[in-house]
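Colleague: Chain residues, written in single-letter form:
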Amino acid sequence: MKLRYPNRIKPYLLIAPALFLAVLFSYRPFFLTLVNSFHTISLAGKRINFIGFDNYIRLFANPSFQASLSNTLRFTLFFVPTNIVICLSAALLSNRPGKLATLNQIFFFLPMAVGLSSTMMIVKMMFNPSIGIINQLLGLDIQWFNNRHAAMGLLVFAGVGLDIGLNFLLLISALRNVPSDLVEVATIEGASWSQTFRYLQAPMISSTLLFVVVTNIKDAMLISAPVMILTEGGPYRSTQTLVYQMYLEGFRSGNYAMGSTIATIVFALTFAILLLLLHLERRRVYYQ
Amino acid sequence: MKRPLLLLTVCLVALSQLFALPERENHPLDVVTITWWHPNSGIAGKATETLINRFNTTIGKEEGIVVQGVYQGKANDVLTKTKAIMQSQTTTDLPDLVQLDGAAVLDIRDDRRLIAMERLAREDGYDLSQILEAARLSVTYKETMIAMPFNSSTILLYYNKSAFDEAGITAPPRTLDELAEAALKLKQTDAKGRVTRYGFANVPTTYELMCWLGQQNGLSFITDEENGHTGIPTRVLFDENGTMVNFLAKWKALYATGSLENLTSDLNGAFASGRVAMIVASTSNLTTIEQMVGDRFELAVAPFPMVDEAATGGVNVGGGALWALDNKSGHAKEAWQFVKFLASPESQLYWHIETGYFPIHRDTYEMEGFKEHIRENPRSAVAIRQLLESNPRLQGIWVPSAYQIYYTFQSGILKMLEENRSPEETSRAIAREINGYFAEFLRMQE
Chain B
18 MKLRYPNRIK
28 PYLLIAPALF
38 LAVLFSYRPF
48 FLTLVNSFHT
58 ISLAGKRINF
68 IGFDNYIRLF
78 ANPSFQASLS
88 NTLRFTLFFV
98 PTNIVICLSA
108 ALLSNRPGKL
118 ATLNQIFFFL
128 PMAVGLSSTM
138 MIVKMMFNPS
148 IGIINQLLGL
158 DIQWFNNRHA
168 AMGLLVFAGV
178 GLDIGLNFLL
188 LISALRNVPS
198 DLVEVATIEG
208 ASWSQTFRYL
218 QAPMISSTLL
228 FVVVTNIKDA
238 MLISAPVMIL
248 TEGGPYRSTQ
258 TLVYQMYLEG
268 FRSGNYAMGS
278 TIATIVFALT
288 FAILLLLLHL
298 ERRRVYYQ
Chain H
6 MKRPLLLLTV
16 CLVALSQLFA
26 LPERENHPLD
36 VVTITWWHPN
46 SGIAGKATET
56 LINRFNTTIG
66 KEEGIVVQGV
76 YQGKANDVLT
86 KTKAIMQSQT
96 TTDLPDLVQL
106 DGAAVLDIRD
116 DRRLIAMERL
126 AREDGYDLSQ
136 ILEAARLSVT
146 YKETMIAMPF
156 NSSTILLYYN
166 KSAFDEAGIT
176 APPRTLDELA
186 EAALKLKQTD
196 AKGRVTRYGF
206 ANVPTTYELM
216 CWLGQQNGLS
226 FITDEENGHT
236 GIPTRVLFDE
246 NGTMVNFLAK
256 WKALYATGSL
266 ENLTSDLNGA
276 FASGRVAMIV
286 ASTSNLTTIE
296 QMVGDRFELA
306 VAPFPMVDEA
316 ATGGVNVGGG
326 ALWALDNKSG
336 HAKEAWQFVK
346 FLASPESQLY
356 WHIETGYFPI
366 HRDTYEMEGF
376 KEHIRENPRS
386 AVAIRQLLES
396 NPRLQGIWVP
406 SAYQIYYTFQ
416 SGILKMLEEN
426 RSPEETSRAI
436 AREINGYFAE
446 FLRMQE
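From first to last, the protein sequence lines stand for chains B and H.
Sequential numbering from 18 applies to the first sequence in my numbering.
Sequential numbering from 6 applies to the second sequence in my numbering.
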């Protein structure tokens, strides 16, 4: 028998495996998390009662959650601009011909090849206030893990260290795609370095830049692994982020309902920020 | 005809070498293997191996039991792995014995796969009063000893004796008032007025407060249900019985001297470098601190300071214990044999000398070897005397959301100091937040 709409079925068949995995590992857990956040859940993970928005109300009244929320937003605010400036400067500086530039590129790219946990352990050692190399070398007496501001600064530093490799790679390839004859013309016409960047390179890499900003915001809102290894949320909860609290509630305290509620809030928050950004994208970003 | 045959034989022999045959150990068929997951590394790890070896070559050999110790990472990792198996319902992967610390109690005390140690002891006719009362009560839930205390420790005051001599202080502080006085004398500043040496460093959290609140008026409970040892706690008591306000008032006075540093991490390092003259830390840190201090100054220890003269309760037993789990192997009796061996006076003496964890068996304290060791190590003697003089009913708290509660104490107390809030207000705020976590946990009960 000949199928009447073979062309309509084929695409679904082709995406079926990917869709199956996505449903199994992304959409189903997402849906369950959402449902769980409206229930009380036992230690064994069973839903007990439907309680509407009670979990959300309790959560927003909890000082620990208020700290997490403010820490996460502050981290995002510090991290995203710092990271963009550093990665973009690195890309601009090494976007030139020559062997030394290649060496620089390798240096900037290398952090990507080191595992997250090992990097964080090394950072933790380096910043140890009594025996760490940073305080010794710079003659500082900063209590990195005891001062709230220092700990947040350290977390931003660690975050940049983790993200620099990939961001650098994306930005430098975008910069390389800016036609070199255009840059040459601009230089011949007497455009200064900053003018070249402002009017030529920046608009040409804007789509990549947007992508980098979007992924950075996502990374910042979801940061947890460096917190787990470096500071464990301390001192005084000053580095306890939303996802870290989700981990604490869900896995340490066995409170799946609260963990699910935090997960839902993080999702909603991140999604809202990204939607706003993508809305801006339609007006500002130039695609070749 | 001969050559191919020979080749074939050679090939077959060679092939068999490719597959490593599982080599069976050479012991009789009825030998029972007991697995023990533990977090002991370094000195404690070596002592653990020695104890296992001693058992396997003596009692184990006679009774046909082989103990296999498996290092599973830090205490937290051991708990994570155990919990993962418990949740996955694959009971047979559980170890026969697992060594966990106080943070794990809430997760496994009601699990049906937990075999209460007291039951195994009873079946064997073992008299539990041989175990030090404070240690026994530290793992007692609803009147039943659910585990065997093993790596037990208490909290201790470490001080810089050289700095004390310099400042003309002759005796270590006994109370928080005396501590504040001493701290002020020990404080040093440079020409610019920056503090170069603090008298004392600490931000009290669960670990310190279990003693500082619990020891008041001889014995005070921190939560209802006797600190969670008779059931799930429903509310804290420190705001009702006034112990928290009493403590916070003393703490605020200490901070007002300007000689207290609000230090939350790397206290050992700050102390060893001479930047802080006194800290409180677990007895299990003794060896580490001794090594870190080296010859830099004379190190001394003293009993944990009392909140006031009426706070005579002393300190509680912290650390870890051995838990027996039912993994359907039916080897609980054999596991108990090993636990009994570990708890024996001789094993406990060896364990104490090697690691500094104090002996949990009463008879160890009467042994010649122990008395000699104490004479040679006056610092251990201080810790032991303090423990024996403490009220055995002063016990650690078994509470849900332990992580959150830890930070509730820490940030609440800092807030009081930095924003100059009253002890009453601080006590209320901390109580409210912790009661919230308790309520949360009660809602999770089916």
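Take the hints with a grain of salt, since some may be wrong.
Said to hold, decoys possible - Simulated crosslink set (DSS-like; lysine-lysine; CA at most 25 Å straight-line): (1) K79/H x K141/B; (2) K345/H x K66/H; (3) K88/H x K63/B; (4) K345/H x K63/B.
Hints listed in this document are in silico derivations from the structure and should not be mistaken for laboratory results.
Colleague: None of the hints should be skipped; say for each whether it holds.
Modeller: Evaluation of the provided hints:
Only pairs whose Cα atoms come within 25 Å are accepted, and K79/H paired with K141/B is accepted, the gap being roughly 18 Å. Note on K345/H and K66/H: the hinted pairing holds, with a Cα-Cα distance of about 15 Å set against a maximum of 25 Å. Of the supplied pair hints, the one linking K88/H and K63/B holds, its CA atoms being roughly 16 Å apart against a limit of 25 Å. Between K345/H and K63/B, the direct Cα distance comes to roughly 38 Å. Violation of the 25 Å bound is thereby established for this hinted pair.
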